[in-house]
Amino acid sequence: MSESEEPQEPKDNDQLVQRRANLAALVERGVPPYPQSFRCTDTVSAIVTAHGETGGDDLDTAQIHATIAGRILIIRSFGKARFLVISDGVSRLQVYVRKDALSERDFEIAARLDIGDHIGVEGRLFRTRTNELSVWAGSLEFLAKCLVPLPEKWHGLTDIETRYRQRYVDLIVNPASRRVFETRARVLAAIRNFLVDRGFLEVETPMMHAVAGGALARPFTTHHNALDMPLFLRIAPELYLKRLVVGGVERVFEINRSFRNEGISTQHNPEFTMLEFYQAYTGYLDLMTMTEQMLATVARTATGGEEITVGDNTVSFTAPFRRLRLRQAVSEALTERLGIPVSEDDLRRRETVAALATQVGLEPGGDQGAGKITVDIFEALCERALIQPTFIHDFPTEVSPLSKQRDDDPDTVERFELFVVGMELANAFSELNDPVEQRRRFDAQLRDREAGDFEAHEMDEDYIRALEYGLPPTAGEGVGIDRLVMVLTDSPSIRDVILFPLMRPKDVGGHGDHGDHGEPAEPDPS
RNA sequence: GGGCCGCUAGCUCAGUGGUAGAGCACCUGACUUUUAAUCAGGGAGUCCUGGGUUCGAUCCCCAGGCGGCCCA
12 MSESEEPQEP KDNDQLVQRR ANLAALVERG VPPYPQSFRC TDTVSAIVTA
62 HGETGGDDLD TAQIHATIAG RILIIRSFGK ARFLVISDGV SRLQVYVRKD
112 ALSERDFEIA ARLDIGDHIG VEGRLFRTRT NELSVWAGSL EFLAKCLVPL
162 PEKWHGLTDI ETRYRQRYVD LIVNPASRRV FETRARVLAA IRNFLVDRGF
212 LEVETPMMHA VAGGALARPF TTHHNALDMP LFLRIAPELY LKRLVVGGVE
262 RVFEINRSFR NEGISTQHNP EFTMLEFYQA YTGYLDLMTM TEQMLATVAR
312 TATGGEEITV GDNTVSFTAP FRRLRLRQAV SEALTERLGI PVSEDDLRRR
362 ETVAALATQV GLEPGGDQGA GKITVDIFEA LCERALIQPT FIHDFPTEVS
412 PLSKQRDDDP DTVERFELFV VGMELANAFS ELNDPVEQRR RFDAQLRDRE
462 AGDFEAHEMD EDYIRALEYG LPPTAGEGVG IDRLVMVLTD SPSIRDVILF
512 PLMRPKDVGG HGDHGDHGEP AEPDPS
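According to the working numbering, the first sequence is numbered sequentially starting from 12.
Watch out, some of these pointers could steer you wrong.
[Said to hold, decoys possible] Heads up, simulated DSS-like pairs for lysine-lysine below, C-alpha to C-alpha not over 30 Å straight-line:
| hint | residue 1 | residue 2 |
| --- | --- | --- |
| 1 | LYS91 | LYS156 |
| 2 | LYS110 | LYS156 |
| 3 | LYS110 | LYS91 |
| 4 | LYS164 | LYS517 |
| 5 | LYS156 | LYS383 |
| 6 | LYS110 | LYS164 |
Don't read these hints as lab results, they were simulated from the structure.
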């Protein structure tokens, strides 16, 4: 390594240099820098769980020895003694290191440790004078080096961008972040249990679709080289799940990612996790009841109760949830906003509803029908005020190409959305199972698409063919898992509940050695 | 896509048209039951990037990058 040849090289900061020196010093004394493994008898969490309440006298009597491993988060040094706080990612435990209890080699290791290093410790459990549960280290192994300084112990890592880009650092130093993802895991497990208990079969359907259907959204496009065909990342699993109901899977669900090529916000990530479930011989009203039961159960399992604090609000998932027809909600909101009586019938006439929309500051497009305009008004005026769980039901047929119409009202479909703290959490309907009507709906969507609506649904001939085989009366629902977890963890952004949210790439600014290690990419055929 | 805000030491943040500071972290010394350990001393910066104005820019102006919030 020559000096002064590259004066432009960014200088490493003193802490990086120091840490490398500490590692080198250990290697010089024959300590393996990255040993193959370490045999533990316990985890830190297991010790804390088992003995978090055990008194010091009892610990002394029992003489409990344990071998544990973890990452050092705090070092308090007292010359010939040191206190280390180590973590297994969940719990923290203090390790007491003193020179007269260790071999010369092990104390040498202890003296060269940095915050962030991984160590293994064998020792006896005891309580210090300040009653802190601790391990009296009898021996110590170096397990892996942390070459980079961690964020400080008091404030942790608060920079939002770094927390998302380097989630591993966030998880190391912010216990609250770990808890969010533990809650997320409990939510998923609770949902699976709830559905499996009711006879639902969990399946996995394609993520890559030749026709992006099942929702009104713009897809990501990709290309299969061998088949030389365009493919779309799915925007919803809906149409495949209903094919399965045709195939006799009368209760079916999937929990997995969907992808929508749209904006990013505190409520939108391009890839997001959705639960979809379908139950034959069921209507949308049944699903309201089932949704009430499911969310109350999930809230209890994941958080311990049915009341959740979300920002300044307390949300109750105790059934029954409020129910409100969409047109009812919109007509009431318009009546209040404009100070003139607006009826639900007014919302069914395009001229009238378009004029009302203009009066509240919207600009209805010429190609938008009464139904679409009504929904736009709902989103502008009503959505954010729906704090407590509320079913908004009976949507315009025009905006619901996969839903079944009401018997008494062909302009309205048997559909609901669930809103909580102003967010759409779920969307459900009685499934349209008449293949002739389905084709008419797709045709109407195609006309919208030709008029420039890129979110309009595409024609899916195989789906219609499946309906021709006979889809029994079925109701289905999609639940946005990320948003549900946001509510249950009081997280203000969807990025707080997604481990690695999508970010624009940014220079890592490392040490110049971060090239691709994989094989060269295939040439792009296009 | 539009508006507003942010980017300064590893982290959390002050600050200034004249080459920058605190706390934690780091280094040296003291210290064998500490709890944000303590005490004494010390080192550490591409003030996001590029251009402009200026004798002089981290600061003012313009453009760009990344992020956040709000709106669409």
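Keeping to a limit of 30 Å between CA atoms, is the pair of LYS110 and LYS156 held or broken?
holds (22 Å)
Given hint LYS164 paired with LYS110 - CA-CA distance at most 30 Å:
Roughly 26 Å between the alpha carbons, so the hint for LYS110 and LYS164 holds.
For LYS91 and LYS156, compute the direct alpha-carbon distance and say whether it is at most 30 Å.
holds (22 Å)
Tell me if the straight-line CA distance from LYS164 to LYS517 falls inside 30 Å.
OK: LYS164 and LYS517 at ~26 Å, within 30 Å.
For the pair supplied as a hint, LYS110 and LYS91, confirm whether the alpha-carbon distance does not exceed 30 Å.
Measuring from Cα to Cα gives roughly 5 Å; hence the hint holds.
Hint consistency between LYS156 and LYS383 [alpha-carbon to alpha-carbon, up to 30 Å]
Status violated; Cα separation ~58 Å.
Of the numbered hints listed earlier, the single one contradicted by the structure is hint 5.
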